[in-house]
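Participant: Please build the complete structure, drawing on both the sequences and the hints.
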Amino acid sequence: MVENINNLMVGLHVVFQPYNLMIIAVGLVLGIIVGVLPGLGGANGVAILIPVVVTMQPTSGIILLSMIYWGALYGGSITSILFNIPGEPWAVAATFDGYPMAKKGRPGKALVLSFLAHGVGALFGCIVLTFFSPILAEFALKFGPAEVFAVMMLTFSAFVGLGGKSPLKTVVAILFGFILASVGMDIVSGQLRMTYGTIVLMGGFNFIVAVIGLFGLGEIFLTVEEGLKVEGISTKIGLKDIWEGVKDVIRYPKALITGTLVGVWMGFKPGGATPASFMAYGFTKQSSANAAEFGTGVSPGIIAPEAAAHGAGTSAMIPMITLGIPGSPTMAVIMGGLMIFGLQPGPMLFKENVDFVWGLIASTWAGNIMGFFLVLAFAPIFASVLKVRFAIFMPLIIYVCAIGAYAVNNRVIDIYYMLIFGVLGYLFKKLDYPIAPMVLALVLGDMAESAMRQALIIGHGSPLVFFTLPLALPLMVAAILIFFWPVIAPLKAKMFGKKA
Amino acid sequence: MRRAEIWVSVAFALLGVIVIADSIRLGFMWGMSGPESGFFPFYLGVGVVISSLFVFFNAFTRYRKEGAGKPLMPPGALKPILWVLIPSAAMVVITELVGLHIAAALFLAFYMRVVGKIGWATTLLVGIISPLLLYVTFDKLFLIPLPQGLWGGYLLRF
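Quick mapping for you: the protein sequence lines, in order, are chains R and P.
Okay, so the first sequence: first residue is 1 according to this note's numbering, each after it adds one.
Okay, so the second sequence: first residue is 1 according to this note's numbering, each after it adds one.
If you're looking for bench data, these hints aren't it; they were derived computationally from the structure.
Some hints here could point you the wrong way.
[As the list claims (entries may be wrong)] Which bits of chain P does chain R cover? Going by a derived footprint, with three or more residues having C-beta under 8 Å, they are: (1) 26-38; (2) 91-97; (3) 103-114.
[Stated by the list, open to error] Which stretches of chain R does chain P cover? Using the computed rule of at least three CB atoms under 8 Å from a CB of chain P, they are: (4) 48-58; (5) 73-79; (6) 170-180; (7) 188-200; (8) 386-396; (9) 406-420; (10) 455-466.
Backbone N, C-alpha and C define an ideal beta-carbon position, used for all residues, glycine too.
Facilitator: So this is what it looks like as structure tokens:
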């Protein structure tokens, strides 16, 4: 406990260097703009900046990347509330009650409620990040290949069993991601796989390119299809809005607590901010005495999803820095940045790169607090970014995405891949195939495969190795249970139903 | 929608078959030093085939029972999407010739003027300034060279 606080202080010392403070401010502003613009999400904003960041110091570079995420988390809701246009997928739930409240003449209050909820969710996420991740990292040091593979199985099972969408399609999406990851050189034997004699496939698929296509272009196609109509509600945030916002946040502690807890949990177990915000909204609506009023602009309907979105965002860092498993797609791209710097995310990070880890954690505190005041002060100005005509910023977004996709590996073919992934992302969204687990599979593909192969070698080819080691066994059992949960749950209901 | 659902599941199943074929070529059994190269992809392929067949089966029975359902895209949605997709693809093709920045300038101008019906002044301003700005930022400030294409090097000489 005391040690953690000491470490945090050391981290804050890194963060409060003038250069890093500037990085934080620049990152947040860029992030909020990324958040405001539909079609340019957190994952994309980060992906595009990776080539720039490589020229910096690792700590400053990763701080910049994470600031994009915190900024985008705050910024996504601004346009949800004012224009009914979610700037980010995780801000969709904010439109349910945020926009109606704004339309009823209280846009300022709606914004304040959203920002406060974001702030509380973020701070709770930071607390868990600071005090829980060292424990988890210490524990994870005992993991061998079998355990690493088991943790990944558990992660992907969670998408299948608790994801809510069609479990079968989730399985297909995950396996598809793994297949894409295995294209190219086999990391163990050096053989070429799935290239079918072509040279273009030899380099494999880079997940950053896939992210840019799936989340960037896919989103743009969806936006174009629906047509973007900006009906602006102009606003100022007055002292009265702030006062009433604070009062309402205190008046609905249940919405705030539900949102925060759901968020931190979902971020921790690789679900990401988007499902977290929907889940929190659903829970709060169900348990509310006046559920019928939800959707007309009630305060808890804004507080719960917003706290959840940001809670999930911050806690998504925990599995990334302790286990090497990113908790959300954006975190996956940030992890890509870490790996480019040669920092292997995982428990060893806490031993070998103490300054880096604690600098990052401290910057999460600082960034989220600064972000809160930034959006509170300048929300209307950021919102005005959307007044730029869609036909102007949309081609610009595609242009910037193309730069990002190219710069990852300096290959033009990656820009073509980006376009293909864009179409795929659109189809996936339309047909309800989840994108996040697919991206995660693409990110973790090599690691999962080598962990599995090493574990099998240790076990002399017997898959029992995953069930005989004391740490792997409970993880695998949990993974299998969760994986089959969509089948078990109705069965259980049936059995207990008959007995009663 | 359901027809597209069926086609996509068939496509996934086919992909699975292709992957299995290559895994068998590589060997998917236990080799001299542990699992062979095709071991992991083989089971991925098998998994994709099985689960996409399930998806196919579900979609097919629903198709038989309830008909095709809503179309995949609302009517009139395909056109604006193609208006984005084709010019962007054209941008990449032109990139191979004159480099990304010049291609992007053309793309920006085309989209803003022809599709977006935005005034000439704005079109030219954004179409020239933003590629220039990004060129200076990436190629000159951060020294990240972006594709020049065949002739881009001659066209952008500063």
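Participant: For the stretch 406-420 of chain R, count the residues whose Cβ lies under 8 Å from any Cβ of chain P; is that count three or more?
Facilitator: holds (count 7)
Participant: Taking a Cβ-Cβ distance under 8 Å as contact, does the stretch 386-396 of chain R have three or more residues in contact with chain P?
Facilitator: n = 7 at 8 Å, threshold three: holds.
Participant: If you look at each residue in the stretch 26-38 of chain P, do at least three have a Cβ nearer than 8 Å to any Cβ of chain R?
Facilitator: Our answer is that it holds, as 8 residues pass the Cβ test (under 8 Å) against chain R, meeting three.
Participant: Can you tell me if the stretch 91-97 of chain P counts as covered by chain R, using C-beta to C-beta distances under 8 Å and a minimum of three residues?
Facilitator: holds (count 4)
Participant: Quick check: do three or more residues in the stretch 103-114 of chain P have a beta carbon closer than 8 Å to a beta carbon of chain R?
Facilitator: holds (count 5)
Participant: Please count how many residues of the stretch 48-58 of chain R have a CB within 8 Å of a CB from chain P and say whether that reaches 3.
Facilitator: holds (count 3)
Participant: Do three or more residues from the stretch 455-466 of chain R put their C-beta atoms closer than 8 Å to C-beta atoms of chain P?
Facilitator: Holds: 3 residues of the stretch 455-466 of chain R have a Cβ under 8 Å from chain P.
Participant: Taking beta carbons only, do three or more residues of the stretch 73-79 of chain R come closer than 8 Å to chain P?
Facilitator: n = 0 at 8 Å, threshold three: violated.
Participant: Within the stretch 188-200 of chain R, is the number of residues with a Cβ closer than 8 Å to a Cβ of chain P three or more?
Facilitator: holds (count 6)
Participant: Mind checking, does the stretch 170-180 of chain R have 3 or more residues with a CB under 8 Å from chain P?
Facilitator: holds (count 6)
Comparing the model with each numbered hint stated earlier shows that hint 5 is the single one that does not hold.
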